[in-house]
Amino acid sequence: MSLLLLSWEFFQIGLFAVGGGLATLPFLDKLVDKYDWFTAADLANIVAVSESTPGPLGINMATYTGFTGSGVLGGLVASLSIILPSWVIILLVARILKKFNENRYVQAAFEGLRATVVGLIAAAVLGIMQLSFFIPEVAGFWNQINYKALILFVALVLVRFKFQKIHPIALIGAGALLGVVCGGF
Amino acid sequence: MKEYFDLFLTFAKIGGFTFGGGYAMLPIMQKELVEKKDWTTNEELLNYYAVGQCTPGIIAVNVSTFVGYQKKGILGSIFSTLGVVTPSIIIIMLIASFLQNFSQYSAVQHAFSGIRVAVCATVFVAIWNLWKKSIKKWSHVFFCIIAFCLSAFTELNPIWIVLLAGTAGMFTYLKKEDESK
Numbered sequence: 004m005s006l007l008l009l010s011w012e013f014f015q016i017g018l019f020a021v022g023g024g025l026a027t028l029p030f031l032d033k034l035v036d037k038y039d040w041f042t043a044a045d046l047a048n049i050v051a052v053s054e055s056t057p058g059p060l061g062i063n064m065a066t067y068t069g070f071t072g073s074g075v076l077g078g079l080v081a082s083l084s085i086i087l088p089s090w091v092i093i094l095l096v097a098r099i100l101k102k103f104n105e106n107r108y109v110q111a112a113f114e115g116l117r118a119t120v121v122g123l124i125a126a127a128v129l130g131i132m133q134l135s136f137f138i139p140e141v142a143g144f145w146n147q148i149n150y151k152a153l154i155l156f157v158a159l160v161l162v163r164f165k166f167q168k169i170h171p172i173a174l175i176g177a178g179a180l181l182g183v184v185c186g187g188f
Numbered sequence: 018m019k020e021y022f023d024l025f026l027t028f029a030k031i032g033g034f035t036f037g038g039g040y041a042m043l044p045i046m047q048k049e050l051v052e053k054k055d056w057t058t059n060e061e062l063l064n065y066y067a068v069g070q071c072t073p074g075i076i077a078v079n080v081s082t083f084v085g086y087q088k089k090g091i092l093g094s095i096f097s098t099l100g101v102v103t104p105s106i107i108i109i110m111l112i113a114s115f116l117q118n119f120s121q122y123s124a125v126q127h128a129f130s131g132i133r134v135a136v137c138a139t140v141f142v143a144i145w146n147l148w149k150k151s152i153k154k155w156s157h158v159f160f161c162i163i164a165f166c167l168s169a170f171t172e173l174n175p176i177w178i179v180l181l182a183g184t185a186g187m188f189t190y191l192k193k194e195d196e197s198k
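Residue numbers (the numbering used here), protein chains in the order written: chain C, 4 to 188; chain V, 18 to 198.
In short, the hints are calculated from the structure, not lab data.
Treat the hints with caution; some may be incorrect.
As the list claims (entries may be wrong) - In silico DSSO-like links for lysine-lysine, alpha-carbon gap of 27 Å or less:
id, chain 1, residue 1, chain 2, residue 2
1, C, Lys168, C, Lys151
2, V, Lys53, V, Lys153
3, V, Lys150, C, Lys101
4, V, Lys192, C, Lys102
5, C, Lys33, V, Lys192
6, V, Lys149, C, Lys165
7, V, Lys153, C, Lys168
8, V, Lys88, V, Lys53
9, V, Lys19, V, Lys53
10, V, Lys89, V, Lys30
11, C, Lys101, V, Lys89
Since this is a predicted model, take the numbers as computed values, not measurements.
With the hints as extra help, turn the sequences into a complete structure.
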């Protein structure tokens, strides 16, 4: 496939997918029908790998799809193309904000926004917690609770509260290690 | 030049150790950017998240562009943004070349189930700290809870929640001309 076409497609995804990595999924789905760069089965694997590797989900998916279609260069082109629009837009927004930082309307709007973002992040975590702490396949509410995961969660939260200096990366490493040792949560 | 490298490396660290969406990055960003480097504040980070939520593109990239630009201008934003994506590009290409069925290995699945719980724990504490630092008035509590409910229990796109909150914020918190000076 032509790298130019690949770049153009991912540039468009970067421009139109609003709201984080998973928002790019419907766009990637369309690419399956439009070109023969990768199949629907490839895409399922791409999402699975992207979710279980570090880094922004959208970048992982772009790199993987580009790489599947046309190798190292394809991976590079796809991920750089997907970030280009938001890079330009954020630079513009940053310049505008710098100029209007003292503006009382802007300040008032952001006071409301900061409180709102705390709520939005809390909602996002609630979704992940549901996924981690509930096993929907079994019957009965009390059986559905994943006690092992819940205990690990409480332990890690307590450690983080007790030792505020501890780096979040250390906790994530501990989680990975315990996951392997305990055979999953 | 050293500062540009510092930007690149710090954001590479953030990109290389974040599992999950942009929110999962928050605790690591707080640690690296607010506590260790003092490049930004918690309040500014929240502002960036708000903007990142309603501008196109990947939120992690948006936030790193913001911080890089604020610190060292356009060139700084290039270094920070490339930093946050570089680990992904390398890791994904390695996996795509050698471990096509990476996500099906039981060790990977087990590790990831632990990572997911750890991410919940770190973000939970991050939200707790933000709640203590940034939610100062009853009206903040109101904004926060409304946003939480709209996002958790409806299908409403977060862009609308952010735009709604910005508008409501303007009416709620607008200071009189002389007061703000």
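Status of the hints after comparison with the structure:
1. Only pairs whose Cα atoms come within 27 Å are accepted, and C:Lys168 paired with C:Lys151 is accepted, the gap being roughly 26 Å.
2. A hinted pair counts as satisfied when its Cα atoms are at most 27 Å apart, and V:Lys53 with V:Lys153 qualifies at roughly 25 Å.
3. Between V:Lys150 and C:Lys101, the direct Cα distance comes to roughly 24 Å. Compliance with the 27 Å bound is thereby established for this hinted pair.
4. Simply put, V:Lys192 and C:Lys102 have alpha-carbon atoms about 19 Å apart, close enough for the 27 Å limit, and the pair holds.
5. For the hint pairing C:Lys33 with V:Lys192, the CA-to-CA distance comes to about 48 Å; that exceeds 27 Å, so the pair is violated.
6. Between the alpha carbons of V:Lys149 and C:Lys165 the distance comes to roughly 16 Å, so the proposed pair stays at or under 27 Å and holds.
7. With a C-alpha separation of about 24 Å, the suggested pair V:Lys153 and C:Lys168 falls inside the 27 Å cut-off, and the hint holds.
8. Of the supplied pair hints, the one linking V:Lys88 and V:Lys53 holds, its CA atoms being roughly 15 Å apart against a limit of 27 Å.
9. Note on V:Lys19 and V:Lys53: the hinted pairing holds, with a Cα-Cα distance of about 17 Å set against a maximum of 27 Å.
10. Taking the CA atoms of V:Lys89 and V:Lys30, the gap is about 19 Å. The hint holds against a cut of 27 Å.
11. Between the alpha carbons of C:Lys101 and V:Lys89 the distance comes to roughly 14 Å, so the proposed pair stays at or under 27 Å and holds.
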